[in-house]
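S.K.: Here is what each chain is made of, one letter per residue.
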Amino acid sequence: MERFEYASPKSRKEAVGLLGSEWGHTEVIAGGTDLVGAMKDYAVTPKRVVSLKHISDLRGVRVRSGELHIGSMTTLREVMDDHAVKQNYPAVYEAIEEIHGEQIRNMATAGGSLLQRPRCWYYRLGYGLLAERDGKSMVSEGDNRYHAILGNSGPAKFVSPSTLAPVLIALNAEVALDGPGGVRRIALEKLYTTPTEPGQREHTLRPNEILTEVIVPHAAGVRSAMYELRQKEELDWPLSTAAVALELSGGTVRHARIVLGHVAPVPWVSPEASQAIEGKTISEETADAAGQAAVRNATPLSMNGYKVQLTRVAVKRAILKARGA
Amino acid sequence: MKDKKKKVHNQETGGVSRRDFLRGTGVAVSGAILAGEGTALASPQEASAGIRGPGEVPVTLRVNGETKRLNLEPRVTLLDALRDRLDITGSKRVCDRGTCGACTMLIDDKPVYGCTVLAIEAEGHDVTTIEHFSKGGQLHPVMSAFVDHDAQQCGFCTPGFVMACIAFLKAHPNPTQEDIKKDLGGNLCRCGTYAGIREAVMQAAKTMSTGGSSNA
Amino acid sequence: MPECKYDWPAADDRHLIGTRISRIDGPAKSSGRAKYTLDINLPGMLFGKMVTCPYAHAKVTSVDTSAAEKMPGVRAVQVIQGPGKEIQWAGDEVVEVVADTEEQAEDAVRAVKVQYEQLPFLVNEAVLSKAQSANRAAKPSATTQGDPEKVFNDPDMVVSEGEYGIPVIVHCCLEPHGHVVQWTGPQNMRSYSSSQGVSVYPAQFAEALNIPASNVQTICQYIGGGFGSKFSIDRWGVTTAQLAKQTGKPVKYLLQRSHEVEVAGCRPSGFARIKVAAKKDGTLTAWESDCWGTGGPAPSRGLELPYVLRDIPNYVSRFTSVGANIGPARAWRAPNHPQQALLTMSALDDLAAKLNMDPVEFFSKNADLAPQNLGKVYREELQKAAELAEWSKYWHPRGDKTPGHIKRGLGVSIHTWGGRGHASNCQLTIEPDGSVTAELASQDLGTGTRTVIAIVAADTLGLPVEGVTVRIGDSHYPYDGPSGGSTTVGGVSSSTRRAAVDARDQLFAAVAPALSVPADQLAAAGGRIQAKGDSSKSLTWKQACQKLGMKRIQTHGKNPGPCPDLISSGVGGAQIADVSVDTETGMVKINRMTAAQDCGLIIDMKTAESQVYGALIMGIGYALFEEKIMDNVTGRMLNPNMEFYKLAGIGDIGELKVHMMTGPGYDERGVIGLGEPPVISPGAAISNAVANALGARVPSLPLSPDKVLAAIQKGGMA
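Protein chains in written order, with the numbering used here: chain P, 1 to 325; chain L, 1 to 216; chain Z, 1 to 718.
Everything labelled a hint here was simulated from the structure, so no lab data went into it. Please note: incorrect hints may appear among the correct ones.
Straight-line alpha carbon distances no greater than 27 Å define the calculated DSS-like cross-link-like pairs of lysine-lysine that follow [claimed, not checked]:
#1 Z:Lys280 to P:Lys321
#2 L:Lys110 to Z:Lys35
#3 P:Lys10 to L:Lys206
#4 P:Lys232 to L:Lys170
#5 Z:Lys130 to Z:Lys707
#6 Z:Lys59 to Z:Lys35
#7 Z:Lys280 to Z:Lys150
#8 L:Lys110 to P:Lys86
#9 Z:Lys150 to Z:Lys35
#10 L:Lys206 to Z:Lys606
#11 Z:Lys714 to Z:Lys401
To be clear about the criterion: a stretch of chain P counts as covered by chain L if any three or more of its residues have a C-beta under 8 Å from a C-beta of chain L, and this derived list gives those stretches [unchecked claim]:
#12 5-13
#13 82-93
#14 103-111
#15 290-297
#16 308-318
Far from chain Z by the CB rule (all over 10 Å, computed), these chain P residues [what the hints assert, rightly or not]:
#17 Gly154
#18 Ala176
#19 His203
#20 Asn208
Just so you know, even glycine gets a beta-carbon here, dropped at the ideal spot from N, CA and C.
Between the sequences and the hints, there should be enough to build the whole structure, so can you do that?
M.R.: As structure tokens, this is what we get:
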């Protein structure tokens, strides 16, 4: 890890003032579970680390006019233990339950979970987020068993690492971002972007902004679920996840939102899957058809074709889980 | 080289350096030189925002109920501060990336990976390591259960596992095997002691619920 | 023949041996008090860090350490491989730096500038033709017997053919390799080392540093895992010692995790095309295998196929060694056996399926093809394992016909290992106050060596385990061999038994007059010395020792020692895996692993069982998850961490059943080592179970979802 100066602002405004306007100089530390490792790997080398820990109003879960507000510094364990989350947003609870171990849940925060950096091994070994060499993608030429099967036509082949993001996006969550110009509120989906040039990041947060809050709309009548496929029972990254939020009327899916995780450089919203299940009664067959639709346009790399099958299954099982067994 | 060492020595600022702790021969920590560069990025206004480092800065930790004053660079992890500077070595450094659990310790009674916490961020919190649970030589019921069920071989993952189990049993006084799978999955062992650990957890739960001695 | 007084007590006379005793260093470990090499902090100690090469094959063209030398806190910099040196694997050591703090040392490492000329490399060997065209495959060696070709052409024979593989994996010891070195005089040094051989490290340091071996002391009270990878002080041991000397300070150097996983031990791979034939009744008749594998850049010894059932009347077995730039091979728990088992038992299981034969029956039928008359042992173990695994209830012919996407299957494998005991010397002392110590320069890898020594001495002297203090882990104690090949328990139990018998007899002689009983009519039991069959004539242990007056008893037991042998070698072992496979996702879950294992006379049932439990878990790891993933683009290991180098976790292991074979037919063989044998079969048993579930073979380990799905697509019954 390179040396850095450490700042512990007491307010959001102060925090924003301490951040640089370009990537590279400053990093925000929340729970530290990703950033500290990334700094040890020299994947990021900030000169200043700004801690959000001492800003008191960033922590906690509240329900305000029907919306769920999750402070960005709320730990995953705190989110999981919140009554409103357990009661009304089972998919959020399920997603955190899949994150191991308990030590991570106690440290990692909601905001950090959404903004953690990719685990791509070329990136972590120091070859850059796009891992290009002589104009070629090292990922395409090399070992891509854990890489993207969707949204990978550009230079970015890594997968978005957040387990929580697809679930929150399925639930139409928004995030609040504080910057020098004040607060902006955007759909969580819009927080993510696929970089096309070296130096770009995989999210749209500006270097001098902080994520302060996740806002999840009222979810009454929404059936949400997530299904995760990973090889080990614990302490293992997912190979594919699917999050679904369904509105049913009389057994028929009126509206669906299906978001895939760990298969693309961003949490992958799949209108194809949603359309396939909308207007249908949920059954093995219709759920599987949605799964097939989700991967119809998949473009697997040399070694990750199996993730196409896994994703199809994850979608199917998430839909069946949302329906209730 | 020799002259330089001397110079560094003279510049040493107060506080407990790791050298002092290790009952060293008076050889200094050279970080003091770097401390002068500490405000490289900070403007005067920013100083109020508590900017510290990048050189060594005074850091006060509360470890196992004792106050420890150290001089540390902000980049030093809590685990390294404990092991390298305070000789508190029960927590092991294994993966060093928050993926194995050998450094499991408690912050404000909650289990965390010490390798992934900056020491400076642990200021103002209670840090508890495995040493706390056998003070005076008496084994915690979880430790005894590990011995009884041979839940250890080389023993290198053991302190982390014991800490995870102590925290786990607080949350699950009557655990099921499913609870173990879900909430005790943050630790890895290479020798393969999980069978014993599963049994040890069950025994410790029993001992602790029947009021077996515990200094937890 | 002189009368031999060294033997093991009869079953009725063993009061500790064979019972379940908790390891005596358990409390030190579970409380975190045990100090490992990584935990050693000495006054004034400096920290070493390493510059490593990022290329798989390269020549060093220049090294510039000038900036690093000027960095704050840096005390010394040593070039290990300077210009002109050819490097054969990524992660190899180039420069070591020592500084006051770890952080400073790491900063200095980053400031060292090394330039390389990159050279062509080979890091993946699964496809032999690629290695051959890269000129990295040696000439095959071959062993033959009979005329296999003739048998394969016999229309009455059932012939099965297949391809199988097991990749390179690593040790991933939780405590990395390394040392803390302290010079105690100009020609005297002490190393605290994470070592499987405290007795052999001093000579290695001495040779490298040109000082007398007697001037070197190596200490290793606790070691955080070795598994065969910690027999050498290694290059970093030499440079760390040199840097400690140069700086006049103790230096601590243990590998960083990425370096540890990348270079500190490859288990060689094994791939093979195998053809095997049997009569319709299942009698094995012919074998042909073309096998290849790599253990790093140096030629590997080669895998010996077929495994266990070696006496197949007709066979031809070829092996091609492939040189690859993947880091050096090190012995990995039961060197070569897990590979040989996976390749052989998979091929035989496929043949049994083709014969429509129950594999337990098939292996039982052919068990006499095993050497060392182990046939009977295998039949007993197969029967026991089958009973515990509920084989007759759950086994079915290939392909689970149950509807749905979860398919269950059972698979079996057998294995063998040698054992015996390494050279061992035990110095046993009985003090007039009754205290007893046993001293050996052995080491406890977590197998329970300390405990075994205490049990043997205490059982011999009629004392409780706490009555014996065991001192090991220091080269200043009497020489004891390195812990490898499951030879430690044999070595230390043999030397300790002899030392304790001699000491006991000397004590009998000393107290005989006081009890008015001839020395050869005395017995030591229950903490007393008493006349055989007459408890009225007795002394407590303490009273008896007081009769020594001012003189202590000190004896020296050796292994190998005088007649008869207290130990032997050659064990069997049978294991059954019970798995469920999700045919939609290719995920394999372990339901249950069952092991029936012999190891002669068991000293401590509790730690013996732990060895088997641990081996099953380690086996589940390499069957399902572990693989040293090497990148054809960069030549580097892509998973030099514990995030993608996947070890099995507490939720991955299913139910484990262990049965130790004891009693008549087993105990009288004497003590045999146990560390290696049970880790051999899990890969094969699990692979066979998956084949049984799916009706298709997943050709190579690990059984990851990509490969399982591919096998299903190719011919499974999903």
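S.K.: Now look at each hint and say whether the structure bears it out.
M.R.: Evaluated hints:
1. With a C-alpha separation of about 49 Å, the suggested pair Lys280 (chain Z) and Lys321 (chain P) falls outside the 27 Å cut-off, and the hint is violated.
2. In summary, the hint linking Lys110 (chain L) to Lys35 (chain Z) is supported, as the alpha carbons are separated by about 25 Å, within the 27 Å threshold.
3. Of the supplied pair hints, the one linking Lys10 (chain P) and Lys206 (chain L) is violated, its CA atoms being roughly 45 Å apart against a limit of 27 Å.
4. Proximity of Lys232 (chain P) to Lys170 (chain L) is assessed by CA-CA distance (about 26 Å); at most 27 Å being required, the pair is judged to hold.
5. Of the supplied pair hints, the one linking Lys130 (chain Z) and Lys707 (chain Z) holds, its CA atoms being roughly 21 Å apart against a limit of 27 Å.
6. Distance hint between Lys59 (chain Z) and Lys35 (chain Z) is unfulfilled; the C-alpha atoms sit about 40 Å from each other, more than 27 Å.
7. For the hint pairing Lys280 (chain Z) with Lys150 (chain Z), the CA-to-CA distance comes to about 16 Å; that is within 27 Å, so the pair holds.
8. For the suggested pair Lys110 (chain L) and Lys86 (chain P), the alpha carbons sit about 21 Å apart, so the restraint of at most 27 Å is met.
9. Only pairs whose Cα atoms come within 27 Å are accepted, and Lys150 (chain Z) paired with Lys35 (chain Z) is rejected, the gap being roughly 62 Å.
10. Restraint check: the Cα-Cα separation between Lys206 (chain L) and Lys606 (chain Z) comes to about 21 Å, which is no more than 27 Å; the hinted pair holds.
11. Of the supplied pair hints, the one linking Lys714 (chain Z) and Lys401 (chain Z) holds, its CA atoms being roughly 18 Å apart against a limit of 27 Å.
12. Residues of the segment 5-13 of chain P lying with their CB closer than 8 Å to a CB of chain L number 6, which satisfies the three-residue condition for coverage.
13. Restraint check on the segment 82-93 of chain P versus chain L: 0 residues with Cβ-Cβ distances below 8 Å, three needed, restraint violated.
14. Coverage of the segment 103-111 of chain P by chain L holds. Counting CB-CB distances below 8 Å, 4 residues qualify, and the rule asks for three or more.
15. By the rule of at least three residues with a Cβ nearer than 8 Å to a Cβ of chain L, the coverage given for the segment 290-297 of chain P is violated, with 0 such residues.
16. Here's how the segment 308-318 of chain P fares: 0 of its residues keep a CB closer than 8 Å to some CB of chain L, so the rule of at least three is not met and the hint is violated.
17. Every C-beta of chain Z lies more than 10 Å from that of Gly154 (chain P), the closest at about 19 Å, which supports listing it as non-interface.
18. Every beta carbon of chain Z lies more than 10 Å from that of Ala176 (chain P), the smallest distance being close to 31 Å; the non-interface claim holds.
19. Chain Z leaves His203 (chain P) outside its interface by the beta-carbon criterion, the shortest separation being 21 Å against a cut-off of 10 Å.
20. The beta carbon of Asn208 (chain P) is kept farther than 10 Å from every beta carbon of chain Z, the shortest such distance being approximately 28 Å.
Violated hints for the displayed structure, listed by number in ascending order: 1, 3, 6, 9, 13, 15 and 16.
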